[in-house]
Amino acid sequence: METAGEMLARLRERRPMIHAITNVVTANDVANLLLACGARPIMASAPEESEEITALADGLVLNLGTPNLQTISAMFLSGKKANALGLPVVLDPVGVGASRLRRETAARLLREVRFSVIRGNISEIRALAQGSGCPGVDADTAQQVTEETVGEALELVGRFARHTGAVVAVSGALDLVSDGSQARVVRNGRAEMALVTGTGCQLSALIGAFASVHKGQMLDAVSAAVAAMGLAGELAWNRMTPGDGNATYRTGIIDAVFTMTPQVLEKGARVESR
Amino acid sequence: METAGEMLARLRERRPMIHAITNVVTANDVANLLLACGARPIMASAPEESEEITALADGLVLNLGTPNLQTISAMFLSGKKANALGLPVVLDPVGVGASRLRRETAARLLREVRFSVIRGNISEIRALAQGSGCPGVDADTAQQVTEETVGEALELVGRFARHTGAVVAVSGALDLVSDGSQARVVRNGRAEMALVTGTGCQLSALIGAFASVHKGQMLDAVSAAVAAMGLAGELAWNRMTPGDGNATYRTGIIDAVFTMTPQVLEKGARVESR
Amino acid sequence: METAGEMLARLRERRPMIHAITNVVTANDVANLLLACGARPIMASAPEESEEITALADGLVLNLGTPNLQTISAMFLSGKKANALGLPVVLDPVGVGASRLRRETAARLLREVRFSVIRGNISEIRALAQGSGCPGVDADTAQQVTEETVGEALELVGRFARHTGAVVAVSGALDLVSDGSQARVVRNGRAEMALVTGTGCQLSALIGAFASVHKGQMLDAVSAAVAAMGLAGELAWNRMTPGDGNATYRTGIIDAVFTMTPQVLEKGARVESR
Chain G
-10 METAGEMLAR LRERRPMIHA ITNVVTANDV ANLLLACGAR PIMASAPEES
40 EEITALADGL VLNLGTPNLQ TISAMFLSGK KANALGLPVV LDPVGVGASR
90 LRRETAARLL REVRFSVIRG NISEIRALAQ GSGCPGVDAD TAQQVTEETV
140 GEALELVGRF ARHTGAVVAV SGALDLVSDG SQARVVRNGR AEMALVTGTG
190 CQLSALIGAF ASVHKGQMLD AVSAAVAAMG LAGELAWNRM TPGDGNATYR
240 TGIIDAVFTM TPQVLEKGAR VESR
Chain L
-10 METAGEMLAR LRERRPMIHA ITNVVTANDV ANLLLACGAR PIMASAPEES
40 EEITALADGL VLNLGTPNLQ TISAMFLSGK KANALGLPVV LDPVGVGASR
90 LRRETAARLL REVRFSVIRG NISEIRALAQ GSGCPGVDAD TAQQVTEETV
140 GEALELVGRF ARHTGAVVAV SGALDLVSDG SQARVVRNGR AEMALVTGTG
190 CQLSALIGAF ASVHKGQMLD AVSAAVAAMG LAGELAWNRM TPGDGNATYR
240 TGIIDAVFTM TPQVLEKGAR VESR
Chain H
-10 METAGEMLAR LRERRPMIHA ITNVVTANDV ANLLLACGAR PIMASAPEES
40 EEITALADGL VLNLGTPNLQ TISAMFLSGK KANALGLPVV LDPVGVGASR
90 LRRETAARLL REVRFSVIRG NISEIRALAQ GSGCPGVDAD TAQQVTEETV
140 GEALELVGRF ARHTGAVVAV SGALDLVSDG SQARVVRNGR AEMALVTGTG
190 CQLSALIGAF ASVHKGQMLD AVSAAVAAMG LAGELAWNRM TPGDGNATYR
240 TGIIDAVFTM TPQVLEKGAR VESR
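Protein chains in written order, with the working numbering: chain G, -10 to 263; chain L, -10 to 263; chain H, -10 to 263.
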């Protein structure tokens, strides 16, 4: 069983290639984040080539932000190819509740592609769970996960993990990770990360990188990625000087992943087993 | 009647959601700028979902940079939906004179969508006015607005504002804002802002954010946004150190919007009523 | 015969407009890099307008990253238009070996468009040369160009330059530039530049800018651009402080192009004639 720091060290050694079919708003940051952690990004969203690109990669990340019919088609082709090849596939259902296109695409993806990991905020995960017919999901679950509501949220997340067979990660004030039988609560990160566009997309890509080199211990790989991203947010915040804002913070978060040593992650990760 | 500072304070309080159908080159900066000012960005350019996304938003920004048939189709659907819902709609006719596709799209948008605000540089606004059959627009109007030509430019801008029913904002050495009966001359900003790609796109998004929470005083809301963006350019320039260039400036401008207090805007805004 | 510094000075004076049909991941950095060097970027990827946009420009850059059928169609239209108008055209065959779509598109581009410059890493250039039926290209050429393999690599590059009639530039530990009869070895740059996404795309755009104002001395214009980009990578690295990572480096490289004087380039360029 590897620790978070050991996992980061192995990721840096292996340099996995991650195929990201991601949104146009945050694609550049996702690519630089992947480079920062030691992975090699490849972006390709045309259905005419997406399967071939996936076949070259060690992991696949599907991101529903700014979807269109072409990229959606690429997601299905790449998702199935990754399944056939045994590559881990991460789903980031960005804004899944916002349109029928996203809801239906996500629901169909859940039916036709086997995901290793699904990551979103609590609203996205709840919308996804409801849309997938996951039993016992209702709209009353508190929006933000707090120390008070963590138990209830973990139940939802665990149920959805069992329903999909994926490790499910929920980002928020507390981060939750569950594989349906075990769970982790991660207490890294800062609220200000939400003021930088794409930190969620970056985390999903980071999860893809960790997952691709630690397939046998998916729950811990995802938790390590979640802790690493949150810790990067903390470290970058500490480097902010007066006058700095969310654009400097954006740069700093990627820098903090780039400079993060296994020792720093080991020491800074606050992961609780539940 | 609220001041610029009070408007910024209200924007931060309300956190409007702004739907931006924007170009792929500057989408990330537009999203971070919206977050910096206190708004919440949502980007969606597929015609299959754009109306629904607009329906969730408090304002809509249409940006003609890097148009294609799909995003253009989304612009019409979202523009009409925003009109039906009474949401403010901002048009940024990026490079409208550069191709028939842009000219015809802009002309048709002006016929089929009611815009609250139209913002561009003087060439774009003139090209747009001519293409829309606005009376009295000729190609002789000086290209750059200076203290000498401001009167002539204001006439063009005022005529176009009356023709379209929109508040028209012209960016340049001097910034002009007119609703057809009243006008403002804004003397904030720096010429170097033009060396950062997308500062115009960012301003249009900022205008959308201000407009969405101050619908009753559109002329002043637009002027406040113009002053805020220009002031951010000044403040960020002052933080530049030797060796810094346009990439640091890019980061600094968004940071300056993020850290701008209502008091700073109040004191720094140089808006003249004409 | 102008020196590298004189070429940069002339570029800054002329402010050429460069039409880039580039990938969505790095489009923003490409635009800011073009502004940093003194050029004016224009991005347009829809086949409905790409020819007209090219006709307004002084040079054209085609980048195969994230291709789709629409942007590919725009590349052919713009490439032919640029040929008809005598504008320099740069090809950046990003990841050309990764998919049939990229291979076939590149091969067809080489048949139907006359390129002034082709720039890639050694794997891309070899894949391209093989796909184009360039005689004598085999898969055994060493992957990375080193002082030991530079002779062999220059042979491949020279043969491909003669085959295509283009100046061919290969990026790597050493950079090679050849027009088929003469060659240059450029010893600027740092390995860490590969940890910033899009530095290759930026170099191709910079080459387009240099080429557009120095059509009569293409070999030296390309070498000057290669040296300038590498030097920017060196200068930016020297400004890095502890805790900085690839995101700060990204900003710094563009800044270094922005602040680079002709004198600095003159003194820092390490270009050897072979």
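Everything labelled a hint here was simulated from the structure, so no lab data went into it.
Treat the hints with care, since some could be wrong.
Pairs involving identical chains hold if they fit within one copy or between any two copies, as the list cannot separate such chains.
[Stated by the list, open to error] List of simulated lysine to any residue pairs, SDA-like, C-alpha gap at most 25 Å:
#1 69 / 92
#2 69 / 57
#3 69 / 161
#4 204 / 58
#5 256 / 231
#6 256 / 232
Open item on the list: Going through the numbered hints above, which ones does this structure break? Give me the numbers in ascending order.
Closed with: Of the numbered hints given earlier, those the structure breaks are 3, 4, listed in rising order.
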